[in-house]
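Which chain is which? The protein sequence lines are A and B, in order. Residue numbers for the first sequence follow our numbering, beginning at 129 and rising by one. Residue numbers for the second sequence follow our numbering, beginning at 15 and rising by one.
Don't take every hint at face value.
[Said to hold, decoys possible] Here are the simulated SDA-like cross-link-like pairs (lysine to any residue), alpha carbons at most 20 Å apart as the crow flies:
#1 Lys423/A with Leu255/A
#2 Lys261/A with Pro47/B
#3 Lys57/B with Leu255/A
#4 Lys93/B with Ile122/B
#5 Lys468/A with Gly170/A
#6 Lys148/B with Trp25/B
#7 Lys261/A with Val42/B
#8 Lys182/A with Val463/A
#9 Lys57/B with His257/A
#10 Lys408/A with Lys468/A
#11 Lys525/A with Leu535/A
#12 Lys466/A with Cys343/A
#13 Lys261/A with Lys148/B
#14 Lys57/B with Leu147/A
#15 Lys466/A with Tyr112/B
#16 Lys182/A with Thr104/B
#17 Lys299/A with Glu271/A
#18 Lys182/A with Tyr112/B
#19 Lys182/A with Gly116/B
#20 Lys432/A with Gly216/A
#21 Lys261/A with Phe54/B
#22 Lys299/A with Gly400/A
#23 Lys261/A with Glu52/B
[Said to hold, decoys possible] Using C-beta positions, here's what the derived DEER-type ranges look like:
#24 Val459/A with His64/B: 48 to 56 Å
#25 Leu181/A with Arg155/B: 48 to 56 Å
#26 Thr531/A with Pro123/B: 47 to 55 Å
#27 Arg84/B with Thr531/A: 37 to 45 Å
#28 Glu486/A with His64/B: 23 to 31 Å
Because the hints were derived from the structure by calculation, they are not lab data. Owing to the predicted nature of the structure, the values given are computational and were not obtained by experimental measurement. Just so you know, even glycine gets a beta-carbon here, dropped at the ideal spot from N, CA and C.
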Amino acid sequence: MADGQKVYEIPIGPIHPALKEPIRFTFQVEGERIRGVEVRPGFAHRGIEFMGLKRNLIQVLYLSERICGICSISHPIAITLAVERAAGIEVPPRAQYLRVIFSELERIHSHLLWAGVAAHELGFDTLLHLTWKVREEVLDVLEELSGNRIDYSIPIYGGVRRDIAPAQVPKVEAMVRHYRGLLEELLDAFLRDPSVAARTRGVGVLTPEEAEALCAVGPTARASGLSKDVRQDRPYLVYGELGVRAITPRDWGLEPRGDVYDKAVVRLLEIGQSLDLIEKCLDEMPEGEITSFPKIPALLAHLKKAEGEGLGWHEAPRGEVIHYIRLEAGVEEPVAWKVKAPTYSNLMSWVPMFRDQEVADIPIIAASIDPCMCCMDRVHVVRDGSGATLLMEELLKLSRAKTERVLRGLSPAGGGA
Amino acid sequence: MGLSSFKRALWVFHVATGSCNGCDIEIVAALTPRYDVERFGIKLVGTPRHADVLLVTGPVTRPMLERLKRVYEQTPDPKAVVVVGGCGSTSGVFYDSYNVVGPVDEVIPVDVYVPGCPPRPEAIVHGVVTAVAKLEKVAERG
Ligand code: SF4
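The following block holds chain A by itself, in its conformation from the complex:
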């Protein structure tokens, strides 16, 4: 490329065929090379936390499920864990196993979905159709167990809403067997295929140092070789007993390079891991109750009396999701609710990943972190309609000033920061 070539800006989004959800990128491009990128999220922000503060906790549970239709087990798992900690609710062992089974089923459907989208972004539509065709079988099982293909309403405070009946177990086992046989084929199609490797090796690299510094989570971090998985690091439910180990490209016999290929390695191998976990759960799951509050009115009454705060975490298909909740006695609504979805942590990885890449690789690099905008979108408020951007230092200054004001007993809204 000639020196002194002009730098162009290419805006992409918020509505664009390569994007499944609204977001805007502005790329600085020199010829075919990307020199920089600006990301402007926020288009799918619905103000879910705000809405949740005006509803009772059961309604909040259903709202949390609709933060993201793909993670409609993960968000409810995180919020139920948070509320159970805040309100001192026990979860029967069988329910804990059931939650794990459902969340691993969700991981399988989400990773297959990603694999198909990735194949499509590479221009490999046959593979998209193949993976989405085989994905239907896990959806069949989810529908059989929960009654719905997407949005399952399974976790509820104190347990789960539905049991797996003995007659359903063989269907789940058949699915596990089916996918075991198929996984080898998928690994062939993705990881042993020279054209997939040619398009994904060395593309969109995130070094382990960058992943660490930017706090990447989930498969995005693991593909760079970080052994980071909430199920392993801070076990919850029965994950401790099941013994989950973070999967990195080393499990495929390769040194991690953190490129798109490695992200595919991690996600495909995790399908196998989820199959193992489901099988183990079916084996070890004890008989017993599936919830400590079979009657919703009793549950609501207990929650209304509860006072305290709780944090719930879960390894969603895209990484760590955290819900924080604070309850006050006498009110049905939570007084505080904060959600941190995995994409929120992964978004900044895009910046190093796009650097010096080709324009043609934008779709696959964007897809490689498996972004979920509706999970992470925040709103930003511009005061007086001015377009000023506040950087870290200024925000810190504002924050400290506010603390001072609060300490001095002045109104927190005083300076209008």
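Guided by the hints, dock chain B with the ligand onto chain A, whose structure is given.
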């Protein structure tokens, strides 16, 4: 206007205006082999300027309001709008928020509503086919 081409193929553009992804992945499921709407000539296209039908998912968020109107204007007439999902049809669970404007039909005219949260792919296919019938009626009237 000769519109006999509608009898053969229908091109669809999908816009998400604040959906939770649930409906969006079911739309993709409708396109892939188990449901395979391409056998009816229904195809997803990359720009509203090529589309006969707009598939809209999600309640309309504030930043998407003007953009949705623009996409609607960019879609050539005659066109049909299909709203997929409960939250796009009625706002659903997303009410009382500072950033949600409301259901899609408060922003652009809607022809077909597909209820469900999310609706099954069969229901989405049915919604699009209903839109075809509507477009054909428009074509007959000339
Ligand atoms: S209708 Fe339901 S599944 Fe569809 S986008 Fe809205 S909340 Fe999500």
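So, going through the hints one by one against the coordinates:
As the CA atoms of Lys423/A and Leu255/A are separated by approximately 46 Å, the hinted pair breaks the 20 Å bound. Only pairs whose Cα atoms come within 20 Å are accepted, and Lys261/A paired with Pro47/B is accepted, the gap being roughly 6 Å. Of the pairs offered as hints, the one joining Lys57/B and Leu255/A holds, with about 18 Å between alpha carbons and a cut-off of 20 Å not exceeded. A threshold of 20 Å between alpha carbons decides the hint, and for Lys93/B with Ile122/B the separation of about 12 Å falls inside it, so the pair holds.
Distance restraint check for Lys468/A and Gly170/A: the Cα-Cα separation of roughly 14 Å lies within the 20 Å cut-off, and the hinted pair is therefore satisfied. With a C-alpha separation of about 14 Å, the suggested pairing of Lys148/B with Trp25/B holds against the 20 Å cut-off. Taking the CA atoms of Lys261/A and Val42/B, the gap is about 11 Å. The hint holds against a cut of 20 Å. This hinted pair checks out: Lys182/A and Val463/A have alpha carbons roughly 9 Å apart, not beyond 20 Å.
For the suggested pair Lys57/B and His257/A, the alpha carbons sit about 14 Å apart, so the restraint of at most 20 Å is met. The hinted pair formed by Lys408/A and Lys468/A fails the criterion: a straight-line CA distance of about 30 Å is larger than 20 Å. With a CA separation close to 15 Å, the supplied pair Lys525/A and Leu535/A stays within the 20 Å bound. The hinted pair formed by Lys466/A and Cys343/A meets the criterion: a straight-line CA distance of about 18 Å does not exceed 20 Å.
Restraint check for Lys261/A and Lys148/B: the C-alpha separation of about 31 Å exceeds 20 Å, so the hint is violated. Restraint check for Lys57/B and Leu147/A: the C-alpha separation of about 17 Å stays at or below 20 Å, so the hint holds. With a C-alpha separation of about 17 Å, the suggested pair Lys466/A and Tyr112/B falls inside the 20 Å cut-off, and the hint holds. A distance of roughly 19 Å separates the Cα atoms of Lys182/A and Thr104/B; the hinted pair therefore holds under the 20 Å criterion.
Under the criterion of a C-alpha separation no larger than 20 Å, the hint pairing Lys299/A with Glu271/A is consistent with the structure, at around 12 Å. Straight-line distance between C-alpha atoms of Lys182/A and Tyr112/B comes to about 13 Å, which keeps the hinted pair within the 20 Å bound. Annotation: proposed proximity of Lys182/A to Gly116/B holds, straight-line Cα distance about 18 Å (limit 20 Å). Restraint check for Lys432/A and Gly216/A: the C-alpha separation of about 12 Å stays at or below 20 Å, so the hint holds.
A threshold of 20 Å between alpha carbons decides the hint, and for Lys261/A with Phe54/B the separation of about 18 Å falls inside it, so the pair holds. Annotation: proposed proximity of Lys299/A to Gly400/A holds, straight-line Cα distance about 18 Å (limit 20 Å). Among the hinted pairs, Lys261/A with Glu52/B is consistent with the structure: their alpha-carbon atoms are about 14 Å apart, no more than 20 Å. The beta-carbon spacing between Val459/A and His64/B, approximately 52 Å, falls within the hinted interval of 48 to 56 Å.
One distance hint, 48 to 56 Å for the beta-carbon pair Leu181/A and Arg155/B, holds here, with the actual separation near 51 Å. A hinted range of 47 to 55 Å holds for the C-beta pair Thr531/A and Pro123/B, which are about 51 Å apart. For Arg84/B and Thr531/A, the hinted distance range of 37 to 45 Å is satisfied, since their beta carbons lie about 43 Å from each other. The given range of 23 to 31 Å is respected by Glu486/A and His64/B, whose C-beta atoms sit roughly 26 Å from each other.
Figure legend: structure checked against the earlier numbered hints; hints not met, in rising order: 1, 10, 13.
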